[in-house]
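Novice: First to last, the sequence lines map onto chains A and B.
All residue numbers for the first sequence refer to the numbering used here, where the first residue is 98 and numbers rise by one.
All residue numbers for the second sequence refer to the numbering used here, where the first residue is 98 and numbers rise by one.
Quick caveat, the hints were computed from the structure, so don't treat them as lab data.
Since the model is a prediction, treat every value here as computed from it, not as a measurement.
Heads up, some of the hints might be wrong.
The list treats identical chains as interchangeable, and a pair is accepted whether it falls inside one copy or across any two copies.
Only pairs whose alpha carbons sit at most 20 Å apart, straight line, appear in this in silico SDA-like list of lysine to any residue [claimed, not checked]: (1) K212 with S175; (2) K323 with L440; (3) K323 with D160; (4) K323 with S287; (5) K323 with A347; (6) K412 with R250; (7) K442 with M98; (8) K212 with R305; (9) K131 with E438; (10) K323 with R368; (11) K131 with R210; (12) K212 with V448; (13) K442 with L352; (14) K323 with N236; (15) K131 with L243; (16) K412 with L243; (17) K412 with V186.
Protein chains: 2
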Amino acid sequence: MPNIKIVGTGLLGTSLGLALSRQGITPQLADQSKSALRLAVEYGAGELTGPEPDLVVVCVPPDATAEVVIRQLQEHTSAVVTDVASVKVEIAHQVNASGLGDRYVGSHPMAGREKGGPAAARADLFFARPWVITPHAGNTNDAIELIRDVALRVGALPVQLAAAEHDKAVALVSHLPQLVASALASQLSSGTDDELSLSGQGLRDTARIAASDPELWVQIISQNSKALLPLISGMRAELQALETALTDIAAPGSLAQVHSLLTRGNTGIARIPGKHGGKFANYSQLTVMIDDSPGSLAALFTFVGDIGVNIEDFKLEHSPGAPIGLVELQVLPEASQRLAEELEKNGWRLV
Amino acid sequence: MPNIKIVGTGLLGTSLGLALSRQGITPQLADQSKSALRLAVEYGAGELTGPEPDLVVVCVPPDATAEVVIRQLQEHTSAVVTDVASVKVEIAHQVNASGLGDRYVGSHPMAGREKGGPAAARADLFFARPWVITPHAGNTNDAIELIRDVALRVGALPVQLAAAEHDKAVALVSHLPQLVASALASQLSSGTDDELSLSGQGLRDTARIAASDPELWVQIISQNSKALLPLISGMRAELQALETALTDIAAPGSLAQVHSLLTRGNTGIARIPGKHGGKFANYSQLTVMIDDSPGSLAALFTFVGDIGVNIEDFKLEHSPGAPIGLVELQVLPEASQRLAEELEKNGWRLV
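Modelling step: build the complete structure from the supplied sequences, incorporating the hints.
Specialist: As structure tokens, this is what we get:
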């Protein structure tokens, strides 16, 4: 088993320490904040000292990552060093400029929470999440394998990508949605309380991630500005064309512009892979009304489980002002009709 | 009990008919499509004939609404006529120009589904949803009361707003998010399958409503273009400022621009009212890992119900490629610690 040192005991570092400890590996922990470090040790994420590490995992904020990686490469002259930052090209560039880059392999476990700090850590944070490894030409297979091994031990799914490919991918699937949600939510300031009281699930979902931490995200956005720029330009151009169409909706081409945007939105969303890598919209949906009391969800899921139908996904629809819940169940199409019949036969309110 | 006629047996008209039938009121149904009309009657949404109506509810697409409302006002010379379209000012303007507007009261039940047509109808579509009524100065209280009565009978929550206020509100909380989600999803066409395979719940939620029906939405957007224009301009200006910042992220003020956007996003999302009219982020969250098999959700919810804790909201997090589910439970803060302890003590995997 490899000797592992974790530098930075925030959410990701402490979670990694907890996950490794569960697997019988006790990492050495380090953090410049004595209180964060002590908290992580008390939680059982690792020890203050340890043997010379085979692998150092740098889990500090994106802005500090390159500098800390270089310091660890200098301090541990035979160790492989990796990091967990969400943007890879710029950090690799800075580390390689130090001349020590051969022992640095970038990586990005795609896991996180809205809350940060060691107190928010969870041993299963990485479970079933992609862990992207972004090696460069100077890396040995052994170095890469060391990180794959850690990823697998904590239950993550290792994926290998070039750093530039990774940054381009997360710009599209993570950083662009973050900025769009923030921009949308920021428009809500113009609304009155009465207007906002008409908010439904659509707005809630579209704007949800606008609640993310600005301190972390300003670092991510600034490090990935090059990959983000064409995407933000694309969104801006899309809205600009829409603005022109809305300015004179009766003009020739205006409706076609709006219709084209809505249709291209249909095409785009169909490209997001669904649960378990399947297609997004392959499930049949049934909606059941329940009362909003302890046990009513349980009764529903017990019933569905008892008749042997697997719930692929589910969601509770909000009902502002009413003590009821609408549970949307996604099931395989072949199970849908039987489930609907059984539910109705047994007095469930299908809506 | 009032005599009711429903014109248009698509999703909304058929759902309204089903809901009224359950309450012992059999509406008369009409639709220019003989097959849609027959289907609605076979479903039990109403009859082909009926007595002279006290209230006509026009449930046709937004573009056709004003014309059909006027025709119904002419045909039924003592009836009140309402409609269910998502935009109110333009329809009211056209109807009032006919000189028959005194008996027309606009309304908008805020309910819908991604699917349309009578086959998608549900008797409880309106349950616990706002039903906005937008009277004008010429309406009598009796006319308004007739629509409030129907809304209450089908379980909706009547809200009264001026038509212009309504249109401004839905532009912000419904039409802007739709266009933003469509514009975001349309950018996904530029991504490769490998890039999209890294999609997480953030992108899924932000883009979800991009799956909506373009034919319906092009009508809604075109009728509300005036209220939407300043909001789309605001979003465009926001993205333009961001584009400038990303073009030279090292320039003075660039980071501050990004940080300001993220912070204003935090402020904006906090203004969306949460479940039951409460605040959005007032619940404590616990995440439990379950295996992805029939009955495992049921076992979890049974356990939570048995210890008397109410689940305020919940969500299944997707785990691409792995047969497990992460269930996020939202509970009242005072119940959170006890629930966590009980779950852990009984072998549930808290993450």
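Novice: Indicate, hint by hint, whether the structure satisfies it.
Specialist: Evaluated hints:
In this homomeric assembly, K212 and S175 never come within 20 Å of each other (Cα to Cα): the closest approach is 35 Å inside a single copy and 60 Å across copies. For the homomeric pair K323 and L440, neither the shortest alpha-carbon distance inside one copy (52 Å) nor that between copies (45 Å) is at most 20 Å. With identical chains, the CA atoms of K323 and D160 are at most 20 Å apart within one copy only, with a shortest distance of 16 Å there and 44 Å across copies. Proximity of K323 to S287 under the C-alpha cut-off of 20 Å is restricted to the inter-copy arrangement: shortest distance 16 Å between copies versus 31 Å within a copy.
For the homomeric pair K323 and A347, the shortest alpha-carbon distance between copies (12 Å) is at most 20 Å, but the shortest distance inside one copy (38 Å) is not. In this homomeric assembly, K412 and R250 never come within 20 Å of each other (Cα to Cα): the closest approach is 31 Å inside a single copy and 26 Å across copies. Taking the shortest Cα distances, K442 and M98 never come within 20 Å of each other, neither inside one copy (56 Å) nor across copies (30 Å). When the C-alpha separation of K212 and R305 is checked against a cutoff of 20 Å, the pair qualifies only within one copy, where the shortest distance is 14 Å, while the shortest distance between copies is 24 Å.
Taking identical chains as interchangeable, the C-alpha atoms of K131 and E438 are never at most 20 Å apart, the minima being 60 Å within one chain and 28 Å between chains. In this assembly of identical chains, K323 and R368 lie within 20 Å of each other by CA distance neither inside one copy nor across copies; the values are 24 Å within and 32 Å between. In this assembly of identical chains, K131 and R210 lie within 20 Å of each other by CA distance neither inside one copy nor across copies; the values are 23 Å within and 53 Å between. Taking identical chains as interchangeable, the C-alpha atoms of K212 and V448 lie at most 20 Å apart only when they sit on different chains, with a minimum of 13 Å there against 36 Å within one chain.
Within a single copy, K442 and L352 get their C-alpha atoms no closer than 46 Å, and across copies no closer than 59 Å, so neither meets the 20 Å cut-off. For a Cα distance limit of 20 Å, the shortest separation of K323 from N236 qualifies neither inside one copy, at 25 Å, nor across copies, at 58 Å. In this assembly of identical chains, the alpha carbons of K131 and L243 never lie at most 20 Å apart, being 29 Å within a copy and 68 Å across copies at closest. In this homomeric assembly, K412 and L243 never come within 20 Å of each other (Cα to Cα): the closest approach is 39 Å inside a single copy and 34 Å across copies.
Taking the shortest Cα distances, K412 and V186 never come within 20 Å of each other, neither inside one copy (37 Å) nor across copies (34 Å).
Hint compliance for this structure: hints 1, 2, 6, 7, 9, 10, 11, 13, 14, 15, 16 and 17 are not met, and every other hint is.
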